[in-house]
Every structure is written in structure tokens, then in C-alpha cells.
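Asker: Here are the chains, one letter per residue:
There are 2 protein chains.
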Amino acid sequence: MLDKTDLKDTQQYLQEVNKALESGMFVLARSIIEKMPACDVALLLESSPPANRKVLWNLTDHDQQGEILEELNEDAKDGIISLMDAANLVAVTEGMDTDDLAYVLRGIPDSLYQAVLEQMDAQDRHRVETAFAYPEDTAGSTMSTDTITLRADVSIDVVLRYLRLKGELPEATDALYVVDSTDHLIGEVPLSTLLTVDPSLSVAQVMNTKTGSIFAEMPELEVAKLFERHDWISAPVVDHDNQLLGRITIDDVVDIIRENAEHSMMGMAGMDDDEDTFAPILPSAKRRTVWLALNLVAAFIAASVSNMFEATLEQMATLAVLMTIVPSMGGIAGNQTLALVIRGLAVGHIGNSNTRWLIGKEAAIGLLNGMVWAIFVAVAVVIWKGDITLGIIIAGAMFINLLVAGIAGVTIPLIMHKYKIDPALAGGMALMTVTDVVGLFSFLGMATLVLRY
Amino acid sequence: MLDKTDLKDTQQYLQEVNKALESGMFVLARSIIEKMPACDVALLLESSPPANRKVLWNLTDHDQQGEILEELNEDAKDGIISLMDAANLVAVTEGMDTDDLAYVLRGIPDSLYQAVLEQMDAQDRHRVETAFAYPEDTAGSTMSTDTITLRADVSIDVVLRYLRLKGELPEATDALYVVDSTDHLIGEVPLSTLLTVDPSLSVAQVMNTKTGSIFAEMPELEVAKLFERHDWISAPVVDHDNQLLGRITIDDVVDIIRENAEHSMMGMAGMDDDEDTFAPILPSAKRRTVWLALNLVAAFIAASVSNMFEATLEQMATLAVLMTIVPSMGGIAGNQTLALVIRGLAVGHIGNSNTRWLIGKEAAIGLLNGMVWAIFVAVAVVIWKGDITLGIIIAGAMFINLLVAGIAGVTIPLIMHKYKIDPALAGGMALMTVTDVVGLFSFLGMATLVLRY
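Here the protein sequences line up with chains B and R, keeping their order. The opening position of the first sequence corresponds to residue 1 in full-length UniProt numbering, with each subsequent residue numbered one higher. The opening position of the second sequence corresponds to residue 1 in full-length UniProt numbering, with each subsequent residue numbered one higher.
Hints listed in this document are in silico derivations from the structure and should not be mistaken for laboratory results. This list has only true hints and no planted wrong ones.
For chains that are exact copies, the list does not tell them apart, and a pair is met inside one copy or across any two.
BS3-like, lysine-lysine: derived pairs with alpha carbons at most 25 Å apart:
| no. | residue 1 | residue 2 |
| --- | --- | --- |
| 1 | K418 | K19 |
| 2 | K210 | K35 |
| 3 | K166 | K210 |
| 4 | K54 | K286 |
| 5 | K35 | K19 |
| 6 | K35 | K54 |
| 7 | K54 | K19 |
With these hints in hand, go ahead and build the complete structure from the sequences.
Answerer: Pasting the structure below:
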């Protein structure tokens with residue numbers, strides 16, 4: 001091999017297409033798009049403003065449209081589907097595997113869904129029903145039903161002849177599954193075993209009966225953990241009666257892992273991980289508004305703390321100048337701890353056995369950093385404002401707030417986790433409110449006491 | 001299958017071991033640990049405070065220690081290795097594959113490294129040298145050298161007989177590589193092909209010459225993108241002369257993807273993604289200090305803005321009470337945009353062709369949200385403080401700051417990306433400084449103007 005031009009860089013494709021479109025050369029754009037793999041066309045659509053997506057979609061190859069839809073993120077996919085009618089959707093999803101069907105058709109309007117079902121042939125309708133039999137984000141909705149099964153009593157030689165007759169294996173097949181006469185899973189035979197054992201042996205003699213299987217109802221995050229833990233390439237999915245339903249392959253799991261990690265990152269910034277980078281302005285603004293509303297409440301809570309000390313602030317405006325420093329440091333320190341705990345919870349590092357130790361550790365770090373930064377900030381304030389009392393007050397507030405930040409940074413996400421609230425979503429806002437309130441209260445409170453006596 | 005007890009849940013193992021340890025039943029703990037898969041022992045070590053790790057390590061099975069080290073995160077691994085001497089390390093790493101060797105030995109002290117090399121046999125020493133021939137985080141340091149190669153002119157029948165003689169394939173093998181007499185890669189034969197084609201054909205007739213290969217110097221993030229894009233299970237690694245060096249498998253790529261996503265999440269909170277949840281207090285405190293130091297500078301910059309308006313604040317303490325609201329809203333809005341852009345850059349959605357559109361979109365959202373929240377905050381302030389002028393001032397400042405936040409939220413990470421600064425690390429702090437300064441300046445500035453005239 002390997003003709004490197006076949007592996008053209010995605011960015012290169014995008015540039016070529018965009019250049020062609022800008023100069024109005026639609027025929028050229030179409031011919032480039034036709035040469036691109038489906039995943040790159042999906043990326044091209046995702047990287048384009050909504051208005052351009054319609055134009056681009058009309059330039060795509062009809063035979064590739066199903067594959068492109070599978071690869072698109074949810075927002076972009078729904079946008080494209082809103083341009084299609086039922087006949088169109090039926091044509092595009094024909095013969096699609098169940099997990100992809102479930103993804104593409106989830107969330108389309110009811111009337112369209114009914115029309116699509118009516119126009120589908122019996123086999124595809126059955127696939128759709130299987131796909132929607134399991135809730136979103138479970139193994140059942142992620143599995144593909146395209147598996148090869150064997151009986152235990154046949155010889156490997158027979159299996160090999162059968163495979164040669166078949167001529168092709170489903171994508172990402174690394175093992176064949178062994179079932180009994182009523183489809184109960186009893187073992188698996190990896191392809192590597194088929195290739196290395198004596199062909200006169202029977203399937204029963206070489207099959208692996210100790211590997212794991214996945215219940216269809218298992219949440220997909222658990223599925224991803226099992227894959228990571230056991231370095232699986234694929235795994236069989238069964239119902240509670242141990243009947244084989246399908247299989248999950250690593251490429252789907254990779255998507256789950258990436259989405260989950262993005263969820264934490266985006267969630268901490270108050271964004272939905274499904275948020276399309278190029279979503280239209282109005283829906284984007286609306287979605288972000290919830291978070292801003294919550295923050296406004298938090299900001300007013302902080303302001304009401306300063307309000308308690310309005311008389312003090314009136315007496316000494318320098319306090320107003322300095323009062324934002326302590327809450328800001330507390331917010332940063334608390335956020336560090338929060339990120340650590342959110343990741344620890346996601347990876348499974350944090351359980352009942354070690355939370356107390358973790359709280360102790362983060363409190364100790366808060367104590368230590370509190371002392372260090374208390375001294376620094378005191379020195380800075382004394383130099384700047386020439387007021388030693390002020391330096392002592394801000395040092396005390398800093399120490400208290402960093403200690404509180406460390407403790408709250410562990411306890412807030414743990415409590416949320418216990419009550420099934422996602423700490424990646426709600427943790428940051430709650431924590432910031434705590435560090436703002438404590439920071440302002442300790443700084444202005446001490447200042448008030450000192451000024452009064 | 002499937003004896004479910006063999007697939008005991010990780011958390012269950014951890015609880016059992018911790019219970020045994022707490023009651024001092026070390027023999028029981030050892031017997032549980034011996035039954036655990038290496039990945040779970042690694043998780044157990046990672047989930048334990050550093051002091052307990054030493055105890056636990058001494059309870060692990062010697063034959064499993066190499067595998068456990070491979071699975072540990074960097075901090076925990078280095079901690080365990082610091083308990084070992086050269087003879088110990090040589091024993092544990094014996095026969096380890098190059099990518100794992102590179103991981104385990106990277107970062108150990110030079111003197112220990114020399115001692116280990118001296119005590120190793122020639123084959124292992126060669127592996128170490130191969131492992132360190134490529135810089136960290138490149139395909140070369142991630143690849144395994146355990147591959148099966150074929151010649152193009154032999155028949156599939158011969159290959160099948162060879163594999164049966166061999167009896168076992170390297171882990172996660174989904175394809176065999178075809179090389180010429182000087183080890184140049186010329187194609188690959190997937191296992192599924194071996195199983196489905198006519199055995200009398202030659203390798204040359206069935207091999208796939210159109211699949212991709214990876215240069216050893218390619219950064220591992222690029223490698224991960226290629227795997228995701230093409231749904232690969234494994235891929236060959238070559239040098240610039242197209243000589244086969246090894247292969248990369250999907251399980252390593254899964255780690256890369258997870259680490260990279262964690263990097264963004266942790267980075268935005270000012271944490272290193274290698275940070276061990278249970279790292280000792282002193283090093284943790286030290287590592288977080290850099291971020292706190294930067295934030296102190298940022299906080300003093302913000303304070304110096306308020307300082308410019310000290311006279312105004314003295315005149316009207318209510319301004320001090322309200323002045324934190326606008327910067328806080330700007331910080332949140334900007335951070336939403338920042339997270340979106342950081343993800344877009346990571347996924348490859350953002351390129352030259354669409355940055356202008358994106359800036360326009362985020363500015364429009366800032367404008368829209370700015371108007372909405374300007375009205376809200378104005379109403380709230382008028383009701384609270386009964387001062388219409390104050391309401392108008394804060395509304396103006398809010399509008400300006402949310403608009404600036406939207407624009408800065410796109411432009412700051414894009415500029416950083418251009419100059420190869422990681423926006424996930426530095427973006428948040430820079431952005432917050434901008435929104436703090438603009439928020440305070442516009443609010444206090446307008447108030448000063450109004451009060452003066």
C-alpha cells in the first residue's frame with residue numbers, strides 16, 4: 001500500500017469544498033463531496049452554518065445519505081431530516097442496521113414517524129420496532145442485530161466452510177456466538193481461535209464460555225466501562241433469559257466515551273453536550289438562557305451579602321475595591337477540587353471507602369493554599385494600600401474561603417451524586433455561590449467588626 | 001456462558017478488599033486481590049490514599065504486577081515504582097510489550113534507569129531502546145511491535161497452516177500485514193478475509209492495499225482522529241520509508257480519546273489531567289498554586305479597575321453592592337462560548353472557512369442575551385434599590401459585557417489556537433479577566449459619568 005491520496009485529510013476536503021462553493025462551482029463541489037467518505041461529509045455539514053447545510057445536503061450522493069445521517073450529531077441530523085419527507089426518509093434508511101435506525105429516527109415528529117412506518121417494507125418496520133424497544137442510552141438501543149451464530153455440536157471445519165460460503169462477515173466482527181436451539185447464548189468463538197485451532201475439533205471444544213455478556217437494559221455508560229475494563233472489541237447483548245439479541249462493537253463505544261467526556265466539559269460551562277457549534281442563533285440563545293438565569297440569582301445572592309455591609313462600604317470605599325479578590329480565589333480553588341471529584345466519580349475512583357480521606361485531603365490543601373495566599377494577598381494589599389489592618393482582614397478572609405472552597409469542592413458534588421443530580425451540570429454554580437457568599441461575608445464581616453471597635 | 005460471578009463488579013471488589021483491610025485481615029485481602037483482574041487492582045490502587053497503596057502493592061500477585069503497572073495512571077505508577085529497586089523492575093517488566101515498557105519506565109530516575117538496563121537481557125534492552133526511540137505522545141511510543149507479517153506470494157492455505165502451527169495470535173489482532181523482502185508494508189489481510197476467501201488464492205490476490213497506515217512520528221491525537229474517522233480496530237505503523245514498525249490497537253486509542261477529553265475538562269478548571277485524585281497533599285497543593293497565582297494577578301487587575309473609581313464608590317456604596325453582578329454574568333456567558341469553541345477545535349469543526357460566521361453568531365447571541373438580561377437586571381435593581389438611573393446604568397453595562405463576552409469567547413481561543421497555546425488551559429483565565437475588566441469598567445464608568453453630570 002498505500003496510496004496516501006485516498007486518505008486525504010479531512011480539513012483539506014473541507015477547504016476544497018468551501019472554495020468551490022464560494023466561487024459558485026456547484027458541479028465541482030458535488031464531485032469532491034462524492035469522493036469523500038461519509039464521516040467527512042458529516043463533518044463538513046456540521047462545520048457549516050445551517051443555511052449552507054441545505055445546499056450541501058442536496059449535493060450529496062443519494063446512496064451515501066443514510067450513512068451520512070448516522071454520522072451526524074443530533075442537532076445537525078434533526079436539521080437535515082426536517083428537510084426530508086417520509087418517502088425520502090424511507091429510501092435513505094432502507095436496510096439500515098437497528099442501532100443506526102434508532103439514532104436517525106429518534107426525535108422526528110410523530111406524524112412523520114407514522115408516515116415513514118407506513119411506507120416501509122415489513123423487514124425495515126420490524127427493525128424500527130426492535131430499535132425502539134429499548135430506551136435511549138441503553139445497550140439495547142446501541143446494539144446491532146447483525147450477528148453470526150453457531151451451534152455447539154458442529155465442527156470447526158463445518159464453520160469454516162459455512163463462512164466461505166457466506167463470503168463476508170458483518171463489520172467489526174471479532175467473534176462468532178454459540179447459541180442453543182432456543183437462541184440462548186452459551187459461548188463465543190473468537191476469529192483468532194477459528195484460525196488457530198485444529199479444524200476437526202467441535203465448536204463446543206474450542207468455545208470460550210467465560211466471557212461477559214451485556215444485558216439489553218444496561219445503561220450505555222456501564223457498557224463503556226465494561227469495554228474499557230476488559231479491552232473488548234465487541235460483546236454480545238442478551239435479555240434476562242440469556243437469549244442473544246445482538247452485539248455492541250467498539251466503534252459505538254468510542255462514541256459513548258467521547259460524548260460522556262464532552263458532557264462533563266460542556267456541562268461545567270453550563271452547555272448541553274448536544275449543542276451544535278453552528279446551531280441557529282435563536283435556539284442557542286434560548287438554551288443558554290437557563291444557565292444565565294441561574295447565575296443571575298446566584299449573583300444577586302452574593303450582592304445581597306454585600307448589601308448587608310452597605311454601611312461599612314460607605315465608610316470605606318477601599319473595601320469595595322478589594323472585596324472581589326477573595327471570592328474570585330475561592331471560586332478558582334473550589335473549581336479545581338470540583339473538576340477532580342467529577343472526574344473521580346466518572347472513572348469510578350471515588351466510593352464510600354475513600355470519601356472521608358478525600359475530604360480531609362482537599363481540606364488540607366485548602367488550609368495550605370489558604371495560608372500561602374493569605375500571606376501573598378496581605379503583602380500585596382499592604383504595599384498597595386499602605387494599610388496593615390486591611391492586609392490582616394483580607395488574609396483572614398482568604399484563609400477561610402480557600403479552606404471552605406476545598407471542603408465544598410468535595411462535598412457538593414458528592415451530595416449531588418448521592419441524590420442523582422449531575423455534579424458536572426449543577427456543581428459549579430452551587431460551589432461558586434458558596435465561595436462568593438463566604439468570601440464576601442468573611443471579608444466585609446471582619447472589616448465591619450474592626451471598623452466598629 | 002456466562003458465570004456472572006466471574007464478572008464481579010469493580011466496586012464490589014473494592015469494597016470487599018477495603019473491608020478486609022480495615023479489619024486487618026490481610027490474608028483475606030490478598031486472596032481477593034489475587035482473584036481480581038489487573039485493571040481492577042489498578043483501580044483499587046488509584047482509589048486508595050498513597051499510604052495504603054504500599055500495603056496493597058505488597059499484597060498483589062508478583063506475576064500480575066507488570067500488568068497492574070501498565071494499567072495505573074501516571075502519578076500512581078510513579079509512586080509504586082519509587083518503592084521498587086532495579087532487580088524488581090527488571091523482573092516485573094520482563095517480556096513486556098514495547099508500548100507498555102515505554103509507559104512504565106518513562107519518568108523514572110536516570111540512575112535507576114541505568115541499573116535496570118544493565119540487569120536486563122539483550123531482548124528486553126532492545127525493546128526499551130525501541131520504546132524510547134519515539135517521543136512521548138506519538139504513534140511510535142504507543143505502538144506495539146507484536147505483529148504477524150505475511151509474504152504476498154504465499155497461498156491462503158499456507159497462511160492458515162502457519163497460523164494453526166503458531167497456535168495463538170497477538171491480542172486485538174484483526175488483520176495480518178503483508179510485507180516485501182525488506183519489510184516494506186504492501187497490504188493487509190483482515191482475519192475475516194482469511195476466513196471467507198478460497199484458500200487456494202494467494203495473499204496478493206486477496207490483500208487490501210487501500211487501507212491507511214500511520215507514520216511513527218504522528219501525534220497520538222491525530223492517530224485517534226484517524227481511528228474514529230475510519231472505525232479502525234488496529235492500524236499498521238510505518239517509518240517514512242514505509243517499513244513496518246508495529247501496530248496500534250483500538251484499546252490504546254480509547255485511552256487517548258478519554259485522556260484528551262479529560263484534558264479539556266480538567267484544563268478548564270486549571271488542573272493537570274494527570275492529577276491523581278488521591279495524590280499526596282503537598283505536591284497537589286503545589287501544582288494548583290500556579291493557577292491560583294495567575295488568578296490572583298487577574299483579580300488584582302480587576303481590583304485596579306474598581307480602584308480607578310474609588311471616589312465614585314465612596315459617593316455611592318450601593319454601586320459596590322451591585323458591581324459584582326455584571327462581571328459574573330459576563331464570565332458565565334463567555335465561558336459557554338469558550339467551551340463550545342474548545343470542543344469545536346478538538347473535534348475539527350472550526351476552520352478558516354467558518355470562523356467569521358461563528359464570531360457573528362456568538363456576537364448575535366451575546367446581543368440577544370445582553371438585551372434580555374439587561375432588562376431583567378434593570379427591573380430587579382429598580383425594584384430592589386428604587387433607583388431608575390441605577391437600573392439604566394446596570395442594564396447598559398450588562399448589555400456591553402454580554403456582547404463582549406460572546407465575541408471574546410470565540411476570538412480568545414481562536415487566537416490562542418493559532419499561536420499554539422492550549423485554549424483549554426489558558427482560555428478561561430484570559431476570558432474572565434476580559435469580562436471582569438469590561439464589566440467593572442462599563443458599570444462603574446457609566447455610574448461615574450452620571451453622578452458627575
